[in-house]
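Asks: Please construct the entire structure, taking both the sequences and the accompanying hints into account.
Heads up, the sequence shown is in our numbering, so the first residue is 183 and it goes up one at a time.
Read the hints as simulated data drawn from the structure, not as lab findings. Note that the coordinates shown come from a computational prediction; the quantities given were computed from them, not determined experimentally. A couple of the hints might just be wrong.
Listed next, with one range per pair, are the computed distances between beta-carbon atoms [as the list claims (entries may be wrong)]:
1. Ser224 with Asp200: 18 to 24 Å
2. Gly329 with Arg197: 27 to 33 Å
3. Asn206 with Val232: 36 to 42 Å
4. Asp310 with Glu243: 22 to 28 Å
Each residue gets a CB set at the ideal place from its N, CA and C atoms; glycine is no exception.
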Amino acid sequence: MAAPVVTLRAVVPERWIDINGHMNATHYVLVIYDAHVEFTRSIGLGDDYVARTQCGKAVIESHMVYEREIALGDRIEVRSWLLAVDDKRLHFFHELFNATKGGRAATSEQIDIHIDLRARRSSPLPDDLRQALRQRVRANLAQIQPGGVGGRMRLPVNTWLDA
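Replies: Below you can see the structure in the form of structure tokens.
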């Protein structure tokens, strides 16, 4: 499966629109969450995996960037990437596109950790799954990577504040 994977397509309903006349920030997050759940399933870490192994994953870091507004009736699409995997962690990147107007509307980058749900502690990914996921990451390295990965959040230095 080549990256990115389209993990969600939708049309923005009226209930997602806020007082400013565009899609509310809450719904950007919920759309990305739904796409993340679908992507997780597609790479072998969905409900079947959880039921079979009593292991799952949890988000331990997340960063969302809002780039363009989305309006009522716009068609949206989320494209998802798996960028890296180590023994316990997975690095994901999701891009939310406005398919009606064109262009990327938002990005969400996150790190999830694999957990043993019985012990409620982090635990290593099973070797076979980790190797399969790393193979996927290696295959993705040959493709164009999404812009905006690894962004930091900070305010610019304003020297006038000290005056």
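Asks: Evaluate each hint against the coordinates.
Replies: Hints and how they fare:
1. A hinted range of 18 to 24 Å is violated for the C-beta pair Ser224 and Asp200, which are about 31 Å apart.
2. Range check, Gly329 to Arg197: Cβ separation about 31 Å, and the 27 to 33 Å hint holds.
3. The supplied range of 36 to 42 Å is broken by Asn206 and Val232, whose beta-carbon atoms lie about 30 Å from each other.
4. A hinted range of 22 to 28 Å holds for the C-beta pair Asp310 and Glu243, which are about 26 Å apart.
The earlier numbered hints that this structure contradicts are 1, 3.
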